[in-house]
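Visitor: What follows is each chain in one-letter form.
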Amino acid sequence: MKYLSSHEWLKQNGNLAKIGISAFAAEELGDIVFVDLPEVGDEVIANETFAEIESVKAVSEVNSPVSGTVVAVNEAVVDSPESVNEDALEAWFIEVEVTEVSDKLLTEDEYQASIE
Amino acid sequence: MTKRTALYDTHIKYGGKIVEFAGYELPVQYKNGIIFEHNIVRNGVGLFDVSHMGEVLITGENAENALQKLVTNRVSTIAENQCRYTLMCYASGGIVDDLLIYKYNTKKYLLVVNAANVDKDFDWIINNLDEGAKAENISNGITQIAIQGPKSKDVLSKITDMSKIPEKMYHFADNIDVGGIECLVSTTGYTGESGYEVYCDNKFASKLYEILMTAGSEFDIQPIGLGARDTLRFESSMPLYGHELTKDTLATEVGLDMFVKLDCDFIGRDALVANKPKYERIGLILIDKGIAREHFEVLDKEGNIIGMTTSGGICPTIGGAYAMARVLLSSDTEEVYIQVRNKRLLAKRVDLPFYKRSK
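Chains as they are written, first to last, in the numbering used here: chain A, 7 to 122; chain B, 17 to 375.
For reference, chain A alone in the conformation it holds in the complex (with noise of 0.2 Å):
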């Protein structure tokens, strides 16, 4: 698993990458009540912002660690957004079809490191 430093997680599996955040994000949004994903078929740009979430008291914005094209989008969060907060690093927002990859990829340890 890798990681932006605005604590975006990244799970690849061959050209398809799974996206979502990470449980220290989670916890200082606090309750998320809110998630705004792009639909299938957009297009999502590395470091860019493709989505928002929304806790109780604020807005967030969530940056794509990679460029491609949007294949799946998790309805289940959209349903029930507390599912972030319950386990973050299950609670994916999209699945893309890989172009590109951030440069700005963290490790889990040089994440770990940046949050302590």
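Do not take every clue at face value.
Claimed, not checked - In silico EDC-like links for lysine to aspartate or glutamate, alpha-carbon gap of 16 Å or less:
#1 LYS305(B) x ASP85(A)
#2 LYS24(A) x ASP48(A)
#3 LYS359(B) x ASP42(A)
#4 LYS63(A) x GLU36(B)
#5 LYS123(B) x GLU77(B)
#6 LYS47(B) x GLU34(A)
#7 LYS359(B) x GLU45(A)
#8 LYS33(B) x ASP42(A)
#9 LYS85(B) x ASP286(B)
#10 LYS174(B) x GLU234(B)
#11 LYS33(B) x GLU34(A)
#12 LYS305(B) x GLU45(A)
#13 LYS305(B) x GLU58(A)
#14 LYS47(B) x GLU92(A)
#15 LYS305(B) x ASP42(A)
#16 LYS305(B) x GLU81(A)
#17 LYS17(A) x GLU103(A)
#18 LYS359(B) x ASP85(A)
#19 LYS47(B) x GLU33(A)
#20 LYS63(A) x GLU310(B)
Because the hints were derived from the structure by calculation, they are not lab data.
Based on the hints, put chain B in the right spot on chain A.
Guide: Just chain B, lined up with the frame of chain A:
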């Protein structure tokens, strides 16, 4: 420089996540989160530190008349030991603050005002108080703890003689022994649930808090932060200064006409009589997916801007995303759009309050 209430160490002890609010360091939430705390208050009992609120004492032979000149609600009919909600206006009819008047007698009133407005309110009062009355800002020495939720009475019963506590809402009793501490207890609150606000001297702050937590532990009492304080008042559609009420909103444009008595003589009355209200406060429920916050534009079905949201968010108990908005009286508001960043979300008008507790 930020201030701390006398309960700061208590908040740290209970794991409060501290943020800055109205110049004070206060907990926005505790470890189980805002929604958990909101539900605790709706179904059980919670404790809030509201010591950042301001208290101003008005005393003197002419206190009643001097106070009436400052406030929109009728002062002469407040009974001893009764609390009355009111607005305070500028000469323009715009709002200085909303506040509670606690009447001891015609020569002594306690005003409880918003934390963010204490200095402004006190200056306003001092500059506009008639002869024969004196105002004292006693905020700094007072700790105020709110205990709110259907189990509040059960908790309080364990530590005080309930025969001395008012039964009806919006009343108070002073010099009450609560767990051995001398307190003022009022049947007031800002959550839409039954409950009390308990005032004591700062030196007893943490002792009183712990006495309440201990008495409440069999009812699963929890400390509650500012986050849930806002979701609770928002779900109950209670106005918040700086949102629904501002210096640019007329006292007759905020859906609080019940508390504005135009036959009384107060600063701002003439302007309110001369200037008919152009706006009203309405409730909206989001139909399209998304959450509206404050200060988003509201548009009619044709796309004309008719106003803006003043508060918005989710309502955890009733479910859904809602907003309160200030819109032109002339508009058709059955269905509107709210401009949420780059999206226009459809919303439908609903009655206020969004939530009302059942008897």
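Visitor: Could you run down the list of hints and mark each one as holding or not?
Guide: Evaluation of the provided hints:
Straight-line distance between C-alpha atoms of LYS305(B) and ASP85(A) comes to about 10 Å, which keeps the hinted pair within the 16 Å bound. Between LYS24(A) and ASP48(A) the CA atoms are separated by roughly 15 Å; this keeps the pair inside 16 Å, and the hint holds. Of the pairs offered as hints, the one joining LYS359(B) and ASP42(A) holds, with about 11 Å between alpha carbons and a cut-off of 16 Å not exceeded. For the proposed pair LYS63(A) and GLU36(B), the alpha carbon gap of about 14 Å is at most 16 Å, so the pair holds.
A C-alpha spacing of about 6 Å is found between LYS123(B) and GLU77(B), which places the hinted pair at or below 16 Å, so the restraint holds. With a C-alpha separation of about 11 Å, the suggested pairing of LYS47(B) with GLU34(A) holds against the 16 Å cut-off. Note on LYS359(B) and GLU45(A): the hinted pairing holds, with a Cα-Cα distance of about 15 Å set against a maximum of 16 Å. Proximity of LYS33(B) to ASP42(A) is assessed by CA-CA distance (about 27 Å); at most 16 Å being required, the pair is judged violated.
The hinted pair formed by LYS85(B) and ASP286(B) meets the criterion: a straight-line CA distance of about 12 Å does not exceed 16 Å. For the suggested pair LYS174(B) and GLU234(B), the alpha carbons sit about 11 Å apart, so the restraint of at most 16 Å is met. About 10 Å separates the Cα atoms of LYS33(B) and GLU34(A), which keeps this hinted pair within 16 Å; it holds. Between LYS305(B) and GLU45(A) the CA atoms are separated by roughly 14 Å; this keeps the pair inside 16 Å, and the hint holds.
Note on LYS305(B) and GLU58(A): the hinted pairing holds, with a Cα-Cα distance of about 13 Å set against a maximum of 16 Å. About 14 Å separates the Cα atoms of LYS47(B) and GLU92(A), which keeps this hinted pair within 16 Å; it holds. A distance of roughly 9 Å separates the Cα atoms of LYS305(B) and ASP42(A); the hinted pair therefore holds under the 16 Å criterion. In summary, the hint linking LYS305(B) to GLU81(A) is supported, as the alpha carbons are separated by about 13 Å, within the 16 Å threshold.
Taken as a hint, the LYS17(A) and GLU103(A) pair is honoured in the structure, with Cα atoms around 12 Å apart against an allowance of 16 Å. A distance of roughly 19 Å separates the Cα atoms of LYS359(B) and ASP85(A); the hinted pair therefore is violated under the 16 Å criterion. With a C-alpha separation of about 9 Å, the suggested pairing of LYS47(B) with GLU33(A) holds against the 16 Å cut-off. Between LYS63(A) and GLU310(B) the CA atoms are separated by roughly 11 Å; this keeps the pair inside 16 Å, and the hint holds.
The structure fails hints 8 and 18 (numbered hints given earlier, in ascending order).
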